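Number of protein chains: 2
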Amino acid sequence: MKPDEIEALSFKIIDEEAGEHRFSPHEWNIVRRMIHTSADFEYMDTVRFHPKAIEAGLKAIRSGKAIITDTEMARVGIRKKELEYFKSSVTCFIHAPSIVKSAGASGMTRAQAAVDAAIPFMENGIYVVGNAPTALLRLLELVKEGKARPALIIGLPVGFVNAAESKAALIETDYPHISNIGRKGGSNLAAGVVNALLKMATQK
Amino acid sequence: MKPDEIEALSFKIIDEEAGEHRFSPHEWNIVRRMIHTSADFEYMDTVRFHPKAIEAGLKAIRSGKAIITDTEMARVGIRKKELEYFKSSVTCFIHAPSIVKSAGASGMTRAQAAVDAAIPFMENGIYVVGNAPTALLRLLELVKEGKARPALIIGLPVGFVNAAESKAALIETDYPHISNIGRKGGSNLAAGVVNALLKMATQK
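Read top to bottom, the protein sequences are chains Y and Z.
Take 1 as the starting number for the first sequence in our numbering and just add one per residue.
Take 1 as the starting number for the second sequence in our numbering and just add one per residue.
It is worth saying that the hints were derived from the structure and are not from the lab.
A portion of the hints provided could be inaccurate.
The list treats identical chains as interchangeable, and a pair is accepted whether it falls inside one copy or across any two copies.
Said to hold, decoys possible - Here are the computed lysine-lysine pairs in the PhoX-like style, where the Cα-Cα straight-line distance is at most 20 Å: (1) 101 x 80; (2) 2 x 101; (3) 81 x 101; (4) 81 x 204; (5) 204 x 59.
What you are looking at is a predicted structure, and each value in this text was computed from that prediction instead of being measured.
Using the sequences and the accompanying hints, generate a full structural model.
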């Protein structure tokens with residue numbers, strides 16, 4: 001089987017095993033991709049969509065706005081073919097020398113400093129957090145202060161310290177977001193959500 | 001909290017919630033890292049270690065042998081600091097132009113062709129499969145034919161088509177491996193296993 005055929009068969013299996021669900025067709029494209037990435041059906045219960053999230057994400061992609069990720073893993077996991085089609089790009093600031101320097105000087109973590117550095121680039125774009133709760137919490141601060149204005153926040157940090165709390169804080173806001181309840185998540189999941197949006201953006 | 005402190009607290013929480021378990025201290029370093037990466041305690045039940053796996057992995061790392069991954073996500077997820085310390089390196093062939101070409105010519109998938117291309121580099125090193133069952137199945141073929149001789153296979157492909165089957169085939173062998181039962185896995189998990197080994201390799 002070719003990779004495309006394997007993916008189609010995987011989606012068919014997921015559809016069958018998932019059965020009936022609460023998602024719109026657009027939302028299901030994203031949740032199904034998350035299940036495909038993790039083989040974990042728990043996301044069916046825990047994923048949360050802001051009502052304007054998908055529309056905002058598709059508009060950002062189709063307008064060629066930047067996608068910013070908190071990790072290199074999320075960055076490399078995002079499909080380049082569709083990005084090129086929309087003349088969009090994906091950037092991660094975590095290893096930029098200026099970040100390492102400003103994090104040291106300010107007492108912020110690198111994950112936090114990378115959010116601040118991304119402010120000019122994220123305007124009307126998509127901010128993707130797959131790993132660091134500190135990055136998501138810093139982004140929420142900047143958004144509340146009106147200093148950062150991404151069109152969509154994909155917030156899926158994973159872990160045992162503040163991951164669930166940072167996502168709960170995101171879900172509480174009226175800011176367009178795709179996120180989930182609980183500790184699970186990850187850069188691979190976050191990249192998967194972007195890839196599902198990219199695929200949808202190429203369709204009508 | 002600094003990142004190191006967050007990690008230490010995460011490990012403490014995992015230790016507490018995991019309670020008693022069947023793993024040796026070395027094995028637990030790896031399983032705990034997998035839980036840290038995924039927030040999924042199911043790995044406690046599903047991970048499988050070949051009895052010589054950890055020893056083989058530590059020896060490969062300390063000897064500066066190459067680490068080969070099937071995905072860019074796994075490659076960038078592996079800690080560079082410890083790799084440099086051991087004068088080791090991590091390589092992924094999936095996007096190499098020669099792979100794209102030979103996959104097209106031979107009818108193999110790129111994931112399969114990338115395994116063949118890695119044969120000269122994997123000798124006594126570590127082969128990491130975090131995504132493609134086809135890569136793991138091809139690697140097992142080459143190993144059985146005596147054509148490929150990595151010291152350790154980390155086999156954690158994820159998904160609904162042949163992921164569980166390819167890992168079951170690996171676990172059946174007497175070849176040093178770290179793998180798991182079932183559909184779950186992923187490049188982030190696979191990178192986490194390597195990172196746990198790298199950390200251990202720096203200790204006595």
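So, going through the hints one by one against the coordinates:
{"no.": "1", "hint": "101 x 80", "result": "between (30 Å within a copy, 19 Å between copies)"}
{"no.": "2", "hint": "2 x 101", "result": "between (46 Å within a copy, 16 Å between copies)"}
{"no.": "3", "hint": "81 x 101", "result": "between (33 Å within a copy, 18 Å between copies)"}
{"no.": "4", "hint": "81 x 204", "result": "within (18 Å within a copy, 45 Å between copies)"}
{"no.": "5", "hint": "204 x 59", "result": "within (12 Å within a copy, 54 Å between copies)"}
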